[in-house]
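The lines below spell out each chain.
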Amino acid sequence: MIIQNNNDCASVEEQLSAFIDNELEPKEACCVETHIEQCERCKTIKNELIYMSDSLKSIESVLIPPGFDSNLKAALQRKKPIYAWIWNRNRSLGFAAALLMIGIISFSMIGNLTSGNGTPSTSSMSKSAGAPTAEESVQAPQTYGTAADSAIAADPLADKDMQVYYDLIAEKLSLYQYEIISTSLENSEITINILTDAAGKKIDRLLVFSYKDGILSIEDNWLNIKF
Amino acid sequence: MLDGQELLIKKAKNGDVDSFEQLINSSKTKAYNIALRHLSNEQDALDALQESYIKIFRSLNSFREESSFDTWVYRIVVNTCNDTLRKNNSTHRTVSLYKNDADDQELFIEIPDYSGSPDRLLDKKETRKMILKSLEKLTPEHREAIILRDVQGFTYEEIAAILQVSVGTVKSRINRGRLILRNIILKEQELAAF
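Protein chains in written order, with the numbering used here: chain A, 316 to 542; chain B, 126 to 319.
These are computed hints drawn from the structure, not numbers from a lab. Among the hints, a few may not be true.
Under the rule of at most 35 angstroms between Cα atoms (straight-line distance), these lysine-lysine pairs were calculated in the DSBU-like manner [stated by the list, open to error]: (1) A:K516 with B:K135; (2) B:K212 with B:K254; (3) B:K254 with A:K517.
Reference excerpt, derived from the structure (chain A facing chain B, CB under 7 angstroms, subset only) [claimed, not checked]: (4) L387; (5) A390; (6) L490; (7) E501; (8) S503; (9) D528; (10) I530.
Covered by chain B, according to a simulated footprint, are these stretches of chain A (three or more residues, beta-carbon under 8 angstroms) [stated by the list, open to error]: (11) 329-336; (12) 344-351; (13) 354-367.
Where is the CB? At the ideal position from N, CA and C, for every residue including glycine.
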């Protein structure tokens with residue numbers, strides 16, 4: 316009769332899946348194999364795990380139901396990131412748009428002064444550009460967005476239009492490499508992972524942005540310091 | 126990465142929907158099956174898949190091409206499925222059998238062993254169906270690891286890249302997940318016998 320060592324069994328049990336999947340080093344695999352040959356209990360568990368694994372592997376792939384592609388295409392067309400093209404994804408276009416806006420404002424002011432019928436209202440017009448100015452960013456580094464942003468995505472939960480927030484994050488983190496980990500509609504939170512800083516130094520830090528009514532915010536001193 | 130894929134990514138970043146569709150073509154069926162097995166509901170899976178692709182389309186600028194595009198797609202699909210599960214928490218109850226500490230080390234609670242009659246699992250014809258059903262009872266972390274490994278056939282390294290955890294954590298989650306799954310099935314069978 317073979318006396319089983321409970322410690323050996325526990326240790327082998329921890330490695331059974333890696334053993335089955337050929338993910339152990341040869342020496343480790345050899346130890347597990349030797350134990351299994353002598354231990355009925357571990358051998359049974361191993362066989363059951365193999366059976367379960369094989370059963371799951373034999374599940375056939377399911378094809379995507381017809382209609383998904385056309386629905387997705389329509390959704391993508393609706394969600395086309397035009398806003399992003401102008402303000403975040405093509406800085407030169409954004410700059411050109413800003414120059415154009417200044418030109419329109421200047422022309423409007425000159426027109427108003429020439430006609431002498433009232434005071435020019437440049438502030439409201441510049442707000443309609445739809446993106447935070449550099450000045451706004453400096454003055455309020457932890458709150459991103461403007462009244463105009465609110466108009467673009469007044470109710471993001473209703474129409475699931477999250478792009479404005481992704482764009483704001485892209486703008487504020489333009490010097491960093493990062494990726495979006497998750498978006499929680501329930502908590503109105505976007506979790507991102509900062510991968511590297513501007514110098515390419517690895518960071519790997521999670522940040523959680525909150526959003527509401529077109530305004531993005533974050534309670535993280537680390538980000539504040541970096542900005 | 127293929128030159129063709131780079132070109133498609135570039136075009137898609139500029140809002141070209143057709144290029145984006147070509148880009149996701151290779152990952153679509155696998156992504157759908159990950160969502161389907163993770164959420165166990167066709168409509169939820171389709172919604173999660175569509176939401177994932179919209180996110181991907183709109184976040185293409187954040188794709189740094191350090192991992193493969195498909196890996197990035199699967200990561201977002203898994204995260205979106207987890208968000209869906211959290212939203213549907215009341216109907217998808219899971220019992221956590223472990224917790225994570227800050228160092229990504231899993232602290233385990235001992236799993237009861239139901240292996241009194243060791244051959245039972247192999248004898249039952251309906252076991253395969255039961256395995257799928259029992260998957261729903263695992264925590265999302267264990268479930269996603271098993272789906273990616275056993276249903277989708279990813280390697281441990283690929284799973285680590287998708288889930289952004291170490292290979293050691295993947296090893297641990299797959300093994301614990303399988304052992305828990307085995308015990309759930311044995312317990313179900315034990316209850317069914319009464």
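Outcome of the hint check:
For the hint linking K516 (chain A) to K135 (chain B), the alpha-carbon distance of about 25 angstroms falls within 35 angstroms, and the restraint holds. The straight-line distance between the Cα atoms of K212 (chain B) and K254 (chain B) is roughly 26 angstroms, inside the 35 angstroms bound, and the hint therefore holds. A C-alpha spacing of about 45 angstroms is found between K254 (chain B) and K517 (chain A), which places the hinted pair above 35 angstroms, so the restraint is violated. For L387 (chain A), the suggested interface contact is upheld, since its CB lies about 6 angstroms from the closest CB of chain B, less than 7 angstroms.
With a cut of 7 angstroms, the hint placing A390 (chain A) at the interface with chain B holds, because the nearest CB-to-CB distance is about 6 angstroms. Given hint, L490 (chain A) at the interface with chain B, is violated; its Cβ is 13 angstroms from that chain's nearest Cβ, farther than 7 angstroms. Because the closest C-beta pair between E501 (chain A) and chain B is about 5 angstroms apart, less than 7 angstroms, the hint holds. For S503 (chain A), the suggested interface contact is broken, since its CB lies about 12 angstroms from the closest CB of chain B, more than 7 angstroms.
Interface restraint check: D528 (chain A) against chain B, minimum CB-CB distance 20 angstroms, threshold 7 angstroms, status violated. The restraint placing I530 (chain A) at the interface with chain B is violated, with a minimum CB-CB distance near 19 angstroms, outside the 7 angstroms limit. Judged by the Cβ-Cβ criterion of 8 angstroms, the stretch 329-336 of chain A is covered by chain B as claimed, because 6 of its residues qualify and three suffice. Beta-carbon proximity to chain B at under 8 angstroms applies to 0 residues in the stretch 344-351 of chain A; the threshold of 3 is not reached and the given coverage is violated.
Chain B is given as covering the stretch 354-367 of chain A, and this holds because 9 residues of the stretch bring a CB closer than 8 angstroms to a CB of that chain, at least three being needed.
In terms of the numbered hints stated before, the structure departs from hints 3, 6, 8, 9, 10, 12, listed from lowest to highest.
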